[in-house]
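Number of protein chains: 6
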Amino acid sequence: MPNPMPADTIALHPETLPRLQQASTATVATLLFKRGYHNAYVQGTMPLGAGKRTLVGPAYTLRYIPTRPDTDPLDAFREPDHPQRVAVEECPKGAVLVMDCRQDASAASAGSILLTRLQVRGAAGVVTDGGIRDAAGAAALDMPVFAAKPSAPTNLTKHHAVDIGLPIACGGVAVYPGDIILGDDDGVMVIPRHLADEIATETIGMEEFEAFVLDEVKRGVPIIGLYPPTDPDSLTRFAAWREKTAAERP
Amino acid sequence: MPNPMPADTIALHPETLPRLQQASTATVATLLFKRGYHNAYVQGTMPLGAGKRTLVGPAYTLRYIPTRPDTDPLDAFREPDHPQRVAVEECPKGAVLVMDCRQDASAASAGSILLTRLQVRGAAGVVTDGGIRDAAGAAALDMPVFAAKPSAPTNLTKHHAVDIGLPIACGGVAVYPGDIILGDDDGVMVIPRHLADEIATETIGMEEFEAFVLDEVKRGVPIIGLYPPTDPDSLTRFAAWREKTAAERP
Amino acid sequence: MPNPMPADTIALHPETLPRLQQASTATVATLLFKRGYHNAYVQGTMPLGAGKRTLVGPAYTLRYIPTRPDTDPLDAFREPDHPQRVAVEECPKGAVLVMDCRQDASAASAGSILLTRLQVRGAAGVVTDGGIRDAAGAAALDMPVFAAKPSAPTNLTKHHAVDIGLPIACGGVAVYPGDIILGDDDGVMVIPRHLADEIATETIGMEEFEAFVLDEVKRGVPIIGLYPPTDPDSLTRFAAWREKTAAERP
Amino acid sequence: MPNPMPADTIALHPETLPRLQQASTATVATLLFKRGYHNAYVQGTMPLGAGKRTLVGPAYTLRYIPTRPDTDPLDAFREPDHPQRVAVEECPKGAVLVMDCRQDASAASAGSILLTRLQVRGAAGVVTDGGIRDAAGAAALDMPVFAAKPSAPTNLTKHHAVDIGLPIACGGVAVYPGDIILGDDDGVMVIPRHLADEIATETIGMEEFEAFVLDEVKRGVPIIGLYPPTDPDSLTRFAAWREKTAAERP
Amino acid sequence: MPNPMPADTIALHPETLPRLQQASTATVATLLFKRGYHNAYVQGTMPLGAGKRTLVGPAYTLRYIPTRPDTDPLDAFREPDHPQRVAVEECPKGAVLVMDCRQDASAASAGSILLTRLQVRGAAGVVTDGGIRDAAGAAALDMPVFAAKPSAPTNLTKHHAVDIGLPIACGGVAVYPGDIILGDDDGVMVIPRHLADEIATETIGMEEFEAFVLDEVKRGVPIIGLYPPTDPDSLTRFAAWREKTAAERP
Amino acid sequence: MPNPMPADTIALHPETLPRLQQASTATVATLLFKRGYHNAYVQGTMPLGAGKRTLVGPAYTLRYIPTRPDTDPLDAFREPDHPQRVAVEECPKGAVLVMDCRQDASAASAGSILLTRLQVRGAAGVVTDGGIRDAAGAAALDMPVFAAKPSAPTNLTKHHAVDIGLPIACGGVAVYPGDIILGDDDGVMVIPRHLADEIATETIGMEEFEAFVLDEVKRGVPIIGLYPPTDPDSLTRFAAWREKTAAERP
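Protein chains in written order, with numbering that gives the first Met the number 0: chain A, 0 to 249; chain B, 0 to 249; chain C, 0 to 249; chain D, 0 to 249; chain E, 0 to 249; chain F, 0 to 249.
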C-alpha cells in the first residue's frame with residue numbers, strides 16, 4: 000500500500016493522548032526504533048521558550064514551496080483562501096499545525112499573531128522546520144511552538160503556502176495528517192497514527208522503569224545489569240519500587 | 000491569487016518550444032531576472048552524460064516525501080498505483096518528469112530502466128534534485144536526464160513517491176505542472192508557463208546578439224560599449240552582422 | 000550606478016533612529032520586502048544575552064579575510080594600525096560595528112574586552128557573522144551584540160582584519176557603511192540608508208496596527224478579514240482602537 | 000553482540016567475489032535494503048577516471064583523525080611505522096584499502112605514488128571519503144580509486160593516520176575489516192561479510208532479470224506488471240528470454 | 000613519532016588542573032595558538048544548562064561508528080561488554096568522557112541516566128559532538144555536559160559504540176586519551192597532555208592581565224597601547240594593579 | 000605588519016613562473032605546508048574542461064558582495080565603470096583574474112563572452128569560487144578557468160562587483176594582488192608572492208624526485224625507505240636516475 004490509511008479510519012484510544020502527555024520523546028523514539036521506525040525525529044527544531052508543557056496532538060499539515068513573484072506579492076494575504084491563513088482558521092482544536100518549509104529557516108513560516116490566533120482557537124501547538132518571526136512573542140505563548148530558529152523575514156520571501164492536509168516532510172520526516180506529534184525539550188517525534196495506541200500504552204511502563212533506574216543510579220547502583228535489567232534482581236527491586244511509589248501516590 | 004492559473008488554461012504559441020530548443024539557460028536566466036524572477040534556476044543538478052540535446056518541455060511533477068517502514072517495504076512497487084510507476088507510464092509525450100526529492104541525493108529517485116521506459120514513451124527528459132541509479136545507463140540514453148548525482152540506493156531508502164501533478168519544489172525552485180523546463184550544460188531553468196511565449200520570443204534576438212558579441216570579442220573588440228551595446232556603433236555593426244549571417248544561411 | 004551614494008550624502012531625519020528603536024525587525028523585513036529588498040536579513044546571527052534593548056544605528060564596517068602565517072602572528076595586535084583595534088577605537092558614537100567573517104564562526108571576531116571598549120566609547124552595538132569569545136562577558140554588557148555563536152579561538156586562527164569602511168557582506172547581506180542596522184530577538188536587518196527615513200516612518204503605523212490586531216486576536220477575532228484588514232469593519236475598529244489607546248497614554 | 004564476528008571466522012564462497020564482479024551497486028543496494036541494511040552506500044565518493052572495472056574485494060581499513068603539530072610534522076613520513084605507509088605496504092593482494100577521513104576532502108588522503116604502489120602490490124582498489132592528490136595520475140591507473148574529489152594538500156594538513164585494521168566509518172557507513180566492497184559508476188556499497196555469499200548468489204538472477212526487463216522496455220513493454228513482474232506473463236516471457244539468451248552464449 | 004607519548008608516561012603537575020579550573024577557554028586557545036596549535040577547539044558543542052563550573056579533566060575516549068542492523072539491535076545494551084556502558088562504568092574519577100560521534104547530532108550519544116551515573120561515579124564531565132537525549136535532565140546535573148544539541152533518538156539509530164581508550168576525533172579535533180579537556184561558556188578546548196603544565200602556568204598571568212585590562216577599559220583607557228601593552232606605561236599600571244589586588248585578597 | 004608588502008615591491012625571478020608551469024599543485028602544497036602555510040588551497044574549485052595547460056600567473060582580484068535591487072538592476076552593466084567589466088578590460092596580460100564570490104555558486108560570476116575577452120587580452124586564466132555560465136563555452140577556451148561549477152543565473156542575481164585590486168578571500172584562502180596562482184587537475188594553490196621564487200626553485204628537485212619515485216614504484220620498489228628516502232641507497236639510485244634521465248634528454 001503506497002500510503003497509510005486515512006486518519007479518520009484509525010480511531011485513537013481515549014487514553015492515548017493523555018498517556019503521551021506524560022511520556023518523553025526519548026522514550027517514544029526508542030519504542031519507534033523497536034518497530035523499525037528509525038527516522039521519526041524531526042531534525043533541527045527546538046521549542047521556543049522554556050518550561051512549556053509537552054506538545055501532543057494529531058498533525059494538521061500545511062505545505063510550503065518556494066515563492067515566485069507572481070504567487071507571492073505583498074498582497075497575497077488579502078486572498079481569503081490563502082492556505083496559511085485558512086490553516087490558522089481551520090486547524091482543529093487539539094491538533095498540531097505542522098509546516099513543511101523544506102528545512103529552510105532563512106525566512107519565517109508564521110509569526111506571533113497567527114500563533115496567538117491558533118492558541119485562541121485551541122490548537123495544541125505548532126511545529127515548523129522553517130523560522131518563526133516575533134519569536135519572543137511566540138515564546139511567551141502558553142501553546143508550545145517548535146521551530147528551527149527565529150527569523151525576521153516574512154514567509155513571502157521564501158515560502159509559498161500551497162496546500163493543506165497532504166502528507167508532507169518536516170525536518171526530514173514524513174508527516175501524514177493525523178499522525179501523532181510529540182514534542183518536548185529534546186525536540187519532536189512523529190508517531191504513525193496506527194502505532195499511537197500501542198506506543199502510548201508502552202510508554203507507561205517504560206517511563207516508570209526509567210524513573211526507577213534514575214533512583215537506583217542516584218543511590219549508586221551501576222548501570223550494567225540494571226539498564227537494561229539483565230540482572231534479575233533489578234526486576235525484583237523494580238517491582239518493590241513500583242509498589243512503594245504506588246502506595247506513596249495520593 | 001495564491002497559485003498560478005492551471006496549465007491547461009495557458010496555451011503555448013506553437014513556436015515557443017522550438018524557439019527555446021535553440022536558447023540557452025543563461026539567456027533565459029537573464030530574461031527571467033529582468034521580470035523579477037530571481038529564483039528560477041534548479042540548484043544542484045547537472046546533466047548525466049555529455050553532448051545531449053537541450054532539454055525543453057512542460058513539467059510533469061512527481062513528489063517524494065521521506066520513507067517509512069509501513070509505506071516503503073520492498074514490495075511497494077508491486078502496487079499497481081505506485082505513483083513513481085504511474086508517473087513513468089503517464090508522463091505525457093514531450094513532457095519533462097520533474098521530481099521533488101527535497102534536494103537529498105543520498106538515494107536514487109529513478110534508475111535506467113524507468114528512464115528508458117520514459118524515453119520509449121516519448122518523454123522530453125527528466126529532472127530530479129535527488130540521485131539516479133545506474134547513472135551510466137542513464138547517461139547513455141538519448142533523452143537528457145538532470146540529477147544531483149549518481150546514487151546507488153533504491154528510492155525506498157529515502158524517497159516515498161506520494162503524489163503526481165501537484166506544485167513541487169525542485170532544487171529550491173517552485174515548479175508548477177506545465178511550467179516550461181529548459182536544461183543544458185549549465186543546468187536547468189524553470190520558466191513560469193505564462194511567461195514562456197514572450198521569453199521564447201525574446202531569446203531569438205538575444206542569442207543572436209550574443210553570437211555577434213562573441214564574434215566581435217574574438218576579433219578583439221573590448222567589452223565596454225559592446226556588451227551591453229552602450230556604444231551606438233555596436234548596434235550598427237550588429238545590424239550589419241545580422242544581414243551578413245542571414246545571407247550566409249542556406 | 001554600481002554602488003549606493005556615500006553615507007555622508009544621505010542625511011537622516013532626526014526621528015528616524017528613535018522611530019526604528021520602537022520597531023521590530025519583522026516589521027522592517029516586511030517594509031523592505033515591499034520595496035523589492037528580499038535579502039536584507041543577516042542570516043545566522045542571534046543576540047548574545049537576553050533582554051537587551053533593540054539595536055539601532057548606522058553601520059561601521061570591518062572586513063576580515065582568511066589568515067596567513069605572515070599576516071597573523073601572535074604579535075599582530077602590537078601593530079598600532081591593526082584594523083580590528085583601530086575599528087574599536089574609531090567606531091563612531093552611536094554606530095554599529097558590523098564585521099564580515101565570511102559566515103565562519105569557527106573562530107572569534109572579537110571578545111569581551113574589545114566589546115567593553117566599544118560600549119565605553121558609546122557604540123550602539125556589534126554585529127558579526129563570526130564568533131565571539133568570552134561570550135558570557137559579551138552577554139553581560141548593556142550594549143547589544145549579535146553573533147553566530149560563542150567561539151573560543153582567537154581571530155588570528157581564521158580571521159585577518161584587512162580594512163575598515165568598505166562595503167562588506169555580513170550573514171549573506173550587503174552592508175554599506177552608513178546603512179541602518181536594526182537588531183532584536185529575531186536577528187538583524189540591514190536597511191539601505193536611502194530608505195531609512197521612509198521605512199522608519201512607515202513602521203509607526205504598522206507596529207500600531209499589529210498591536211491592534213494582536214488585541215483583536217486575543218479577544219477571539221478571526222485572522223481573515225482582519226490581517227490584512229480586507230474587511231472594512233476591521234479598519235473602523237482599528238480607528239476606534241487608536242483613539243482609545245491614544246487617550247489612555249499618559 | 001556488539002561487533003560482527005572477525006573476518007577470518009567468516010569464509011567466503013570461492014564464487015562470491017567473481018559473482019559480485021558481474022553485479023552492480025544498484026542491485027546490491029536493493030538486496031541489502033531487503034535485509035534491513037538501509038545505510039550501506041558510501042556517501043560522497045565517485046570513481047576517479049572513467050571506464051574502470053568494477054571494484055570488488057575485502058576491506059582493509061586505515062583510520063585518520065585530525066592532525067596536530069606534534070604528530071604531523073613534514074618528516075612524519077620518515078617514521079618506518081607510519082600507518083599510511085604501512086597500510087600501503089601491507090594491504091593484502093585483492094583487498095580494498097578503505098580510508099576514514101571523516102568525510103573531509105579539504106586535504107588528500109593519498110596520492111598517485113602510493114596508489115601506484117598499491118596497484119603494483121595487487122590491491123583491488125581504494126576507497127576514501129577524503130581527497131586524492133595527483134588525481135589525474137590516480138585516474139590513469141588500472142586499479143579503481145573512489146574518492147570525494149581531487150585535493151592538492153598533503154594529508155598532513157588535515158589527516159593523521161592513526162591505526163590500521165579497526166572498524167571505521169567511511170562516507171557515513173560502518174566498514175569492518177573484511178567487509179566486501181563493491182564500486183562502480185554509481186559509487187560504493189559495503190556488504191557485511193556474513194551476507195556476501197548470499198547476496199552474491201542473489202545478484203545473478205537479479206542482474207539477469209534486469210537485463211530482460213531492459214530488453215522488454217526497449218521493445219515497448221510498460222513497467223507496470225513487468226517490473227516487478229506482478230503480471231504472471233512477465234515471468235513466462237522471462238523464462239523464455241533466459242533460455243534464448245543462454246542458447247546464444249558461446 | 001606518529002602518535003603522542005602515552006598518557007601514563009606524561010605526569011601532570013599537581014597544580015595544573017586546579018590552575019586550569021580558574022582559566023578560560025579563550026585564554027587557553029591563545030596559548031595553544033602561540034605554540035602552533037590552531038585546531039584545538041571542539042567545533043559545534045555548547046554546554047547544556049547555564050551556570051555550570053568550568054569543565055577540567057583528562058580525556059577518556061569512546062568512539063562511535065555508524066550503526067548496522069546486525070550490530071545495533073534494541074537488545075545491544077544487554078551485552079555486558081557494550082562499550083558505551085563499559086565506558087560509563089570505567090571512566091576514571093575526575094576524567095572527562097569524550098565521545099566521537101562524527102559530528103552527527105541527529106541521534107543521541109547518551110542520556111540523563113548514563114550521565115547521572117557518570118556524575119555519581121565522580122567523572123569531571125562529558126563532551127560529545129553528537130546529541131544528548133533527555134537534555135533537560137542533563138542540564139540539571141551539577142556535572143558539566145557539552146554536546147552539539149538535544150536529540151531524542153537512541154544512539155542505536157546512528158551511533159555504534161565500538162571502542163574505548165583510542166585516539167578519536169571530536170568536533171574536528173584530535174583527542175588522545177589523557178589530553179586535558181577544558182570547557183566553559185565558549186565551548187571546549189583540547190590541550191595536548193604534554194603542554195598542559197606549561198599552559199596552565201601561563202594562564203595565571205594571562206587571566207590576571209586580562210582582568211587588569213578589563214578594569215582599565217571600564218575606566219576609559221583605549222585599547223591601543225594597552226592590549227597588548229605596547230605602551231610601557233601599561234605595564235607599570237599593571238604592576239601597580241597586581242599589588243593592589245593582591246593586597247585586597249583576603 | 001598587518002598586510003603583506005605590495006606586489007610591486009616584490010620582484011619575481013624571471014624563471015619563477017616558467018618553473019611553476021612545470022610544477023604540480025600537490026608539490027607546491029607540500030612546500031607551502033613546510034613553511035607553515037596550511038591554508039593555501041582554494042577549496043571547492045575545479046577546472047572547466049579537460050586537458051588544459053597548468054594555470055600560472057599573478058593574481059588580479061575582483062571582489063563581489065551580495066546584490067541589492069538598487070545596486071544591481073539589469074542595466075547595471077551599462078555603467079562604463081562597472082567593476083566586473085573594468086576588471087575584464089584591465090586584467091594585465093599574464094595575470095589571473097581571481098574572484099571572491101563568498102563560495103556561493105548559486106549564480107555565475109562570469110560567462111564565456113567575458114572569459115573569451117580575457118583570453119584575447121592575454122590573461123593567464125580565471126579562478127572563481129562562484130559559478131560560471133555558458134560553462135561549455137568556458138571549457139572550450141584555451142585559457143584555463145577554475146570555478147565551483149556551471150551556474151546559469153546572471154551574477155546580478157547574487158554577486159555585486161564592488162572593487163578591484165584589494166585582498167580577497169577565494170575558496171577560503173586569502174588572495175593578495177600579485178600572489179602567484181597555480182592551478183591544475185587537483186585545483187588551485189595560492190603562493191604568497193614573497194615565497195614564490197624559493198618555492199619555484201624547490202619544485203624542480205621535488206618534481207624530479209617524484210618522477211624517480213614513480214619509476215621505482217612501477218618496477219616494484221616498496222615505499223618505505225624510498226618515499227621519503229630514509230634508506231641511503233634510495234638517494235644513490237636517485238643520483239644515478241638523474242644522470243641517466245639527463246643524458247636521455249635531447
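One or more hints might be untrue.
No distinction is drawn between identical chains; accordingly, a pair holds when it is met within one copy or between any pair of copies.
Said to hold, decoys possible - Cut-off 27 angstroms, straight-line C-alpha distance, at most; resulting in silico cross-link-like pairs (DSSO-like, lysine-lysine):
(1) 243 <-> 33
(2) 51 <-> 148
(3) 92 <-> 33
(4) 243 <-> 92
(5) 92 <-> 148
(6) 243 <-> 51
(7) 148 <-> 33
(8) 243 <-> 148
(9) 243 <-> 217
(10) 51 <-> 92
Hints were generated in silico from the structure; no laboratory data involved.
#### Entry: Same-copy or cross-copy closeness of residue 51 to residue 92 [CA-CA at most 27 angstroms]
Intra 18 angstroms, inter 36 angstroms, cutoff 27 angstroms: intra-copy only.
### Task
Using 27 angstroms as the alpha carbon limit, work out where residue 92 and residue 148 are close: within a copy, between copies, both or neither.
Classified as within; 25 angstroms inside a copy, 31 angstroms across copies.
### Homo-oligomer pair classification [residue 92, residue 243; C-alpha up to 27 angstroms]
This pair counts as neither: shortest intra-copy Cα distance 38 angstroms, inter-copy 33 angstroms.
### Message
With identical chains, the pair residue 92 and residue 33 could be close in the same copy or across copies; at 27 angstroms between alpha carbons, which is it: within, between, both, or neither?
### Response
neither (31 angstroms within a copy, 34 angstroms between copies)
### Query
Are the CA atoms of residue 51 and residue 148 at most 27 angstroms apart within a copy, between copies, both, or neither?
both (17 angstroms within a copy, 18 angstroms between copies)
### Query
Checking residue 243 and residue 33: alpha-carbon separation at most 27 angstroms within a copy, between copies, both or neither?
Neither. Shortest intra-copy (30 angstroms) and inter-copy (47 angstroms) distances fail the 27 angstroms Cα cut-off.
### Task
Since the copies are identical, ignore which copy is meant and state whether residue 243 and residue 148 lie within 27 angstroms (CA to CA) inside a copy, between copies, both or neither.
Result: close neither inside a copy nor across copies, 43 angstroms intra and 36 angstroms inter.
### Task
Measure nothing new, just compare the shortest in-copy and cross-copy C-alpha distances for residue 148 and residue 33 to 27 angstroms and report within, between, both or neither.
between (31 angstroms within a copy, 23 angstroms between copies)
### Query
How do residue 243 and residue 217 come out at 27 angstroms by Cα distance, when the copy is not named: within, between, both, or neither?
Cα proximity of residue 243 and residue 217: one copy only (17 angstroms, versus 46 angstroms across).
### Up to 27 angstroms CA-CA - residue 51 versus residue 243, copy category
Answer is neither; intra-copy 30 angstroms and inter-copy 34 angstroms both fail.
The structure shown violates the earlier hints numbered 1, 3, 4, 6, 8.
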